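As given, the protein sequences belong to chains A and B, one line each in that order. Here UniProt numbering is used: the first residue of the first sequence is 1, the next is one more, and so on. Here UniProt numbering is used: the first residue of the second sequence is 1, the next is one more, and so on.
Warning: the hint list may mix true and false statements.
Taking lysine-lysine pairs in the DSS-like style, the calculated list, with each CA pair at most 30 Å apart, reads [claimed, not checked]:
no., chain 1, residue 1, chain 2, residue 2
1, A, K234, B, K206
2, A, K175, B, K175
3, B, K322, A, K234
4, A, K206, B, K206
5, A, K234, B, K256
6, A, K206, B, K205
Here are some, though not all, of the chain A residues that point toward chain B, as calculated from beta-carbon distances under 7 Å [unchecked claim]:
no., residue
7, T81
8, K153
9, T237
10, Y245
11, T247
12, L253
13, K256
14, S258
15, F268
16, E280
17, L281
18, T294
19, N296
20, H298
Note that these hints are calculated values from the structure, not bench results. Everything numeric in this text was worked out from a predicted model, so none of it was measured. We put the beta carbon where it would ideally sit given N, CA and C, even for glycine.
Number of protein chains: 2
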Amino acid sequence: MAETAIRFGILGCAQVSCKLSKAITQAPNATLHAISSRSIDKANKFAADNGLSPFVKIYGSYEAVLDDTDVDAVYIPLPTTLHLKWAVMAAEKRKHVLLEKPVALNVSDLDRIVEACEANGVQFMDGTMWMHHPRMPKMKQLLSDTHRFGQLKSIHSCITYNAGPDFMNNSIKVKPDLDALGALGDIGWYCIRAILWAVDYELPKKVVALHGTVCNEAGVILSCGSSLHWEDGKVATFYCSFLTYITFDIKALGTKGSLSLNDFVQPFLENYGTFSEASELDYMKIEPGKWAPTPNEHVVSNEFPQEVLMVKEFADLVEKVKGKLGLKPEKAWPILSRKTQLVLDAVKESIERGYEPVEIVP
Amino acid sequence: MAETAIRFGILGCAQVSCKLSKAITQAPNATLHAISSRSIDKANKFAADNGLSPFVKIYGSYEAVLDDTDVDAVYIPLPTTLHLKWAVMAAEKRKHVLLEKPVALNVSDLDRIVEACEANGVQFMDGTMWMHHPRMPKMKQLLSDTHRFGQLKSIHSCITYNAGPDFMNNSIKVKPDLDALGALGDIGWYCIRAILWAVDYELPKKVVALHGTVCNEAGVILSCGSSLHWEDGKVATFYCSFLTYITFDIKALGTKGSLSLNDFVQPFLENYGTFSEASELDYMKIEPGKWAPTPNEHVVSNEFPQEVLMVKEFADLVEKVKGKLGLKPEKAWPILSRKTQLVLDAVKESIERGYEPVEIVP
């Protein structure tokens, strides 16, 4: 472990905390300092189940983590409804904030969180893990290659999983008082972020939700979709659902080429990420009996799983603020979160307004 | 060649006629008897370019083919605007009709064509070639497997190609007086047919076109899309475009499994068709470090290319009507064409009505 390892605390023992506690332990510049739950029993059980080091502090309240002066940064995987309270409080206690997605119930809540982080000079980043996989810059390189890919015209994303009856009855992700955004917040967030990533984070001019949103009895979204439209004619579509077999698809179409992957939220393999690419330039290679070349498969190896790379990147930024460099927090990350949330809010508004188009106001 | 080989005439020397003249020659129960063009020079050139047998009659008018009493059936690849006139006339001359898609400018034109076929006891089929690939029944078997696939919830299709400047200036497919339906007719047809195929041809209750249709100066659609919605909550989306790199994608999502292919209009290989399938039943196979099993690849070999299989199927039906069996024409095929056209008309209406939902009235 580096001498300057950033010391993390985790607020809450959600399922995703298992993954993140491992990731924090694995990241070369981070260390897990404390975990917490509202119940000390639950926190103790989490520590035992996940084989945490005996040096990790175990707290029976979130406040205790925030009051621990040895904690540099917190990872907050709490239900979305609680983000505003705890992320703001964390910032006020001068803890850097790694906040699980969806970051907030709406953009005005997010603005308050980001303002609190800025006012207290702490780094903010959302927990979109796949953003940190090294295949992302490789794919971006392809999308930017006008010779091979041409001009980006459309993006299509589909993220689903069949959550099953236990989830439907008990998961916080379908409870209106906890994660009111349902599937739109949980996986629609990924679709929107991936689409924005593909267009270099240029906000669409408008969104129009797909008719036929499915909600549970409490009104929480179980499946929905939307199209996004840009001034220059680019278009994107997405569909997300808790009701079908697992799918993590994204496809980007350019005038001269296409890019696709079917495992973009979580690569099929831990140490390699692949993507598939096709270009009209390869038409020269067509063999007799073929109408088109089969797409090229690219393989990108990763030293660490993407969640570890996320922790590493975040800890690097924290170190720059906290350490000798004394830099200001990197503003790019909260800006990406805000753009994602803005689009998400607009999709929700379109659904609420009977699928009317909703203009995006930056 | 079988003694009972069905003798085909072709109306028009369009590019697709090259493929079909070969397919008719290759099909074991069909023979190419005559080709035609409005210009005898063009017809002669077509015969020479395609190495047609000297026994093939070459006519300088479409009427001449219809007046040739040796012709049993005609393949009509003329511009859509001309379908009504020539398909009706062919039927009246007792020729069986294999009609290129889109079959008509609208469903009322199609009804007149189908009525003429019924009144004259001739078989009707549209030229949707991929319907005849043997992987289609294999995929249908999977979609119907409630144990492996569960219940179908959504279908997503994307068919595009970058037609290029010469096409944009000169192709009949973007001329309002010839193929007024543009990309919606040319490739949107395939998306709609594939979606209907997946749902066992149950018509959706409504369609809602995707905002942002792109048209050329003459108002012909170059790119568009739509969603389709069923009473039971099933949803489908499609996107078609002449403006991006070639894509032939379809994905069907069930509660327990998924099915996808990326070459469904024209398989990558001539003698094999593949498709990709995943099911939650395979979760038992997950290796450490994987979040999900990679999808299963299925390979289905085909004795003939799909266009030959289409001709063979059509000729078989014609033989049943014309030969000793003396059966009535098979009504299933015109019904599929009509359902496809009904949905296509509704998408066009939704576009024209500013992307309002349009109910489908069977």
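Status of each hint after checking the structure:
| no. | hint | result |
| --- | --- | --- |
| 1 | K234/A to K206/B | 25 Å, holds |
| 2 | K175/A to K175/B | 53 Å, violated |
| 3 | K322/B to K234/A | 52 Å, violated |
| 4 | K206/A to K206/B | 23 Å, holds |
| 5 | K234/A to K256/B | 33 Å, violated |
| 6 | K206/A to K205/B | 26 Å, holds |
| 7 | T81 | 27 Å, violated |
| 8 | K153 | 5 Å, holds |
| 9 | T237 | 6 Å, holds |
| 10 | Y245 | 5 Å, holds |
| 11 | T247 | 6 Å, holds |
| 12 | L253 | 4 Å, holds |
| 13 | K256 | 6 Å, holds |
| 14 | S258 | 5 Å, holds |
| 15 | F268 | 5 Å, holds |
| 16 | E280 | 6 Å, holds |
| 17 | L281 | 10 Å, violated |
| 18 | T294 | 5 Å, holds |
| 19 | N296 | 13 Å, violated |
| 20 | H298 | 16 Å, violated |
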